[in-house]
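Peer 1: If you want the building blocks of each chain, they are given just below.
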Amino acid sequence: MGWPMPWAWTLPGAFTERFMSLLNINNLTVGYVNPSGELVPAVQDVSFGLNKGETLGIVGESGCGKSTLARAILGYCRPGSFIMGGEVLFDGEDILQMSSSQLRDLRGQRIAMVPQNPLSSLTYHMKVGPQVDEILKIHRGMDSNAARLHTLELFAGTNLPDPEQIYDRYPHEISGGQRQRVVIAGALACQPAIMVLDEPTTALDTTTEIQVLKLVKELRQENEMALIYITHDLTLTDYICKNVLVMLDGEVVEQGQVAKIFKHPRTDYTKMLIAAIPRVDAKSGAGASLPAAGAPQPLLEVDGLKFRYGQRRSLATIFKSREEPLAVDDVSFDLEHGETVGLVGESGSGKSTIANIICGLLTATTGNVVFDGQPINTPAEKRSLEFRKRIQIIFQDPLSSLNPRHRIETILTRPLKIFFGLKGKAASDRAIELLEAMELLPEHLSRFPRQLSGGQQQRVAIACAFAAKPDLILCDEVTSALDVSVQAHVLELLKAIQEKTGVACVFISHDLGVVKQVANKVIVLQKGIVAEAGPTEDVFAKPTHNYTRLLLAAASRENTEHT
Amino acid sequence: MSEKSIISVLTSSPATTIGVLLVTIHLLSALLAPLYVPYGVTELAGPSMLAPGSPGHLLGTDVIGRDYLTRLVIGGRTSIFVAMLGALSAVVIGGLIGVSAAYIGGFYDDAIMRIVDTKLSIPGVLFVALCVVGFGRSIPVLTIVIAINYMPGALRIIRSQALTQVPLDYVKCARLRGESKLAVIIRELCPNVMEVVVVEFALRMSSAILAVSALSFLGLGISPPTPDWGLMVYEGIRQIYIAPWLVLLPAFLISTLVIGLNFATDGLANALGLDAARGLY
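For the record, the sequence lines run as chains V and Z. Under our numbering, the first residue of the first sequence carries the number 1, and numbering increases by one thereafter. Under our numbering, the first residue of the second sequence carries the number 564, and numbering increases by one thereafter.
Derived from the structure by calculation, the hints contain no laboratory data. Virtual Cβ for every residue (Gly too), placed ideally from N, Cα, C. One should not assume that every hint holds.
[Said to hold, decoys possible] Examples of chain Z residues toward chain V, derived with CB under 10 Å:
| no. | residue |
| --- | --- |
| 1 | D680 |
| 2 | K682 |
| 3 | S684 |
| 4 | C736 |
| 5 | A737 |
| 6 | R738 |
| 7 | E742 |
| 8 | S743 |
| 9 | K744 |
| 10 | R750 |
| 11 | E751 |
| 12 | P754 |
| 13 | M757 |
[What the hints assert, rightly or not] DEER-style ranges, computed between Cβ atoms:
| no. | chain 1 | residue 1 | chain 2 | residue 2 | range |
| --- | --- | --- | --- | --- | --- |
| 14 | V | V40 | Z | A578 | 24 to 30 Å |
| 15 | Z | P601 | V | R450 | 48 to 54 Å |
| 16 | Z | S723 | V | Y309 | 19 to 25 Å |
| 17 | Z | S723 | V | K137 | 35 to 41 Å |
| 18 | Z | A578 | V | L149 | 51 to 57 Å |
| 19 | V | L149 | Z | S575 | 37 to 43 Å |
| 20 | Z | S575 | V | L96 | 28 to 34 Å |
| 21 | V | V33 | Z | P615 | 51 to 57 Å |
| 22 | V | V33 | Z | T727 | 38 to 44 Å |
[What the hints assert, rightly or not] In silico SDA-like cross-links for lysine to any residue, where the CA-CA straight-line distance does not exceed 20 Å:
| no. | chain 1 | residue 1 | chain 2 | residue 2 |
| --- | --- | --- | --- | --- |
| 23 | V | K382 | Z | L591 |
| 24 | V | K423 | Z | T819 |
| 25 | V | K469 | Z | R738 |
| 26 | Z | K735 | V | K423 |
Given these sequences and hints, build the entire structure.
Peer 2: Next up, the structure:
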């Protein structure tokens, strides 16, 4: 199995070596002041060089200091952080010693940055076109007309459909992918020598992400820029970068060519990062554990489910009676005991809405949900204790699903009291059991959610859902707020507890790799309509719907390039 | 918030420390007053009227010969008591209604918010003055009127804080467990708006102290012979050329208490990260 070169566009080594490094970072250390007033390094003793036209990926989990490093490259520190030592040489000049007017000239003009969330990097009150014009006027001294024409060119260059029209839109009137393109157009406005992209696609859907990535790749080639790409997703660097820097706790643990690191990771941390990537081409993990045939009736039947938002009554609705489009349109599926169904789709495809209807947060507009032979079309408040106990949900963001003002003990013992009447010592003992099943420690009982890590929080949330001994568990994007390695661990624990308790599971995710790992069958949703449904193996091997192929292509691009 | 110690919050800036000290001194001196004041508030104890300070009467006597220090200390108790109880009822009752409006929503929320809007459109001083004229000058009436006057503003701010919490998943989890509305409001939501409630309380209390003093000065607040700072300024104003301290001392005490409360609130709000929620109404 060979390693084809996806970087045919990379300049030959001999060519780049004739130039001195464009950017040289030597022993850079950046520190934060923590609440008790001590200076704690977030980036420690980092050194690397970047040649003209080269691409460098910086990879690491959240909190490893990669964004801090990116800002330091532009000579900027967040409030409360300080550059403690080292130098950032750009074209031989130390950025950290520059005056603020020199920095102003440098930023945007020679080094440009594309931040993570395009909605917060564009001003709400201005149309997007003039926002790019402004950069051209300030940095390149263009007049209004020239700036407008150039902006339109840039928009066309970033594949924005109908630049003239987009020019006059406000940021909230265009889609997330379009916004990110506008920001990239702004970054390109002055033809910078280096572009720093800080997780530019994290806020985007998979299919949009692939388009933006492609664009960045093409633009880099056209403009011969050097690129620094920051991400928590190792596979993205594989797609876009030649070299990579792996960071852990502010220090560089590994650096070198992406291809080599992928093939022969040297440190345990990098190995773990690579192993933790969920792959759509991996073998489905859940396929074998199908339940025994001949069950009298499925645990859950969803039949012709339709849902429309905007049913909330208030004074405002008297004056306007606009009908929202259907968020879920005619969705039907069955689920047996112990089975896992994966609901897949982009944001806005209605997958969370379905989960909310099943658990009783919303009521279906029309259609039927039958659980264990009994219809449950009422909101949770009107269901019997029995049904509330038997259906549990786990949400995406554990910090939001755990009350920040309650200790873990309070959080875990509450359902025990409501569903089983357990109190005092008995409840605490059971809570400890639950924690231990999720590989947490008894001493975590006395903590508050914020004192735990993201992965620990999510495990507490899972423990809390399993406290009720449910028959059906709804997992709503349970891993998408977590780092890759943590995600793998949480998925493993979830699978283990599912096998032990035989609970059925509706698993919602936009990540096809994850779904492939856990689900027996898959339902692909597009704008509330079922695009495709079937056993996991079949859907992944022979997708029949165009949308499924698109999703699969978007998800497998990195994996296929090296396997 | 739980990670920060109370001490570090209270000493987060010099202004906060000064504020906390001022408030503490005021509260202690008012609370412990009965233990150390030498005379009764209405006792004609002095050697003469408008006597200057002497070892027996440290701050002299007032216009009819009562010990001035005694009246000054006891006068603070009335203002602080009325303002504190009024502000406390305003934020507790307003807070509960606000959180319930945010959680229940719909017509209930709409109705409450329109009532709040109506109340906010009536000038505060006018409202209080009318109520006092209508129901008579007494400490209970004053306390209730102050509470009603400050409730809508507090309600609004606490409701807006609760609105940020209502869509969070822990509230959904509680609903799915089948918790009653009251349980969700008290158990889940209230602990998460506490920070705003505390800051609101301190803010409302400082304006309530000013309001009580202003009303007493206008003759609409606490009635003589009960001592009260605003009332004492009013009584002293005719002697301002002979005995200016009769006006200046109670005015100074009102200012220090209000400044202290404002400094302390500022520091508290900063430490709790609530800058945005302050001072809107």
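Peer 1: Work down the list of hints and note, for each, if the structure agrees.
Peer 2: Evaluation of the provided hints:
The restraint placing Z:D680 at the interface with chain V is violated, with a minimum CB-CB distance near 12 Å, outside the 10 Å limit. Hint status for Z:K682 relative to chain V: violated, with the closest Cβ pair at about 18 Å, above 10 Å. Interface restraint check for Z:S684: the shortest CB-CB distance to chain V comes to about 18 Å, outside 10 Å, so the restraint is violated. Look at Z:C736: its Cβ gets to within about 6 Å of chain V, closer than 10 Å, so that hint holds up.
Given the 10 Å rule on beta carbons, the hint for Z:A737 holds: about 8 Å separates it from the nearest Cβ of chain V. Taking 10 Å as the C-beta cut-off, the interface hint given for Z:R738 holds, the closest approach to chain V being about 6 Å. Restraint check, Z:E742 versus chain V: the minimum CB separation of about 8 Å is within 10 Å; hint holds. At a threshold of 10 Å, the smallest CB-CB gap from Z:S743 to chain V is about 9 Å, leaving the interface hint in force.
Below 10 Å, beta-carbon pairs count as interface contacts, and Z:K744 has one with chain V at about 9 Å; its hint therefore holds. Checking Z:R750 against chain V: minimum C-beta separation of about 8 Å stays under 10 Å; hint holds. Interface hint at Z:E751: satisfied, since its Cβ lies 6 Å from the closest Cβ of chain V, which is below the 10 Å cut-off. For the restraint placing Z:P754 at the interface with chain V, the shortest Cβ-Cβ distance is roughly 4 Å, inside the 10 Å limit, so the hint holds.
A hinted interface residue such as Z:M757 counts as satisfied when its beta carbon comes closer than 10 Å to some beta carbon of chain V; here the least separation is about 8 Å, so the hint holds. Separated by about 27 Å at the C-beta atoms, V:V40 and Z:A578 satisfy the suggested range of 24 to 30 Å. Between Z:P601 and V:R450 the beta carbon distance is about 53 Å. The supplied range of 48 to 54 Å therefore holds. Distance hint check for Z:S723 and V:Y309: the Cβ-Cβ separation is about 23 Å, which falls inside the suggested range of 19 to 25 Å.
In this structure, Z:S723 and V:K137 meet the distance hint of 35 to 41 Å, their C-beta atoms being roughly 39 Å apart. Between Z:A578 and V:L149 the CB atoms are about 54 Å apart, so this pair conforms to the stated range of 51 to 57 Å. At roughly 53 Å, the beta carbons of V:L149 and Z:S575 sit outside the given window of 37 to 43 Å. For the hinted restraint 28 to 34 Å between Z:S575 and V:L96, the CB-CB distance of approximately 30 Å keeps it satisfied.
Roughly 55 Å separates the CB atoms of V:V33 and Z:P615, a value that falls within the hinted 51 to 57 Å. Taken as a hint, the range 38 to 44 Å is violated for the pair V:V33 and Z:T727, whose Cβ atoms sit roughly 27 Å apart. With a C-alpha separation of about 53 Å, the suggested pairing of V:K382 with Z:L591 is violated against the 20 Å cut-off. Simply put, V:K423 and Z:T819 have alpha-carbon atoms about 50 Å apart, too far for the 20 Å limit, and the pair is violated.
As the CA atoms of V:K469 and Z:R738 are separated by approximately 18 Å, the hinted pair is consistent with the 20 Å bound. Taking the CA atoms of Z:K735 and V:K423, the gap is about 23 Å. The hint is violated against a cut of 20 Å.
In summary, the structure is inconsistent with hints 1, 2, 3, 19, 22, 23, 24 and 26 from the numbered list given earlier, while agreeing with the others.
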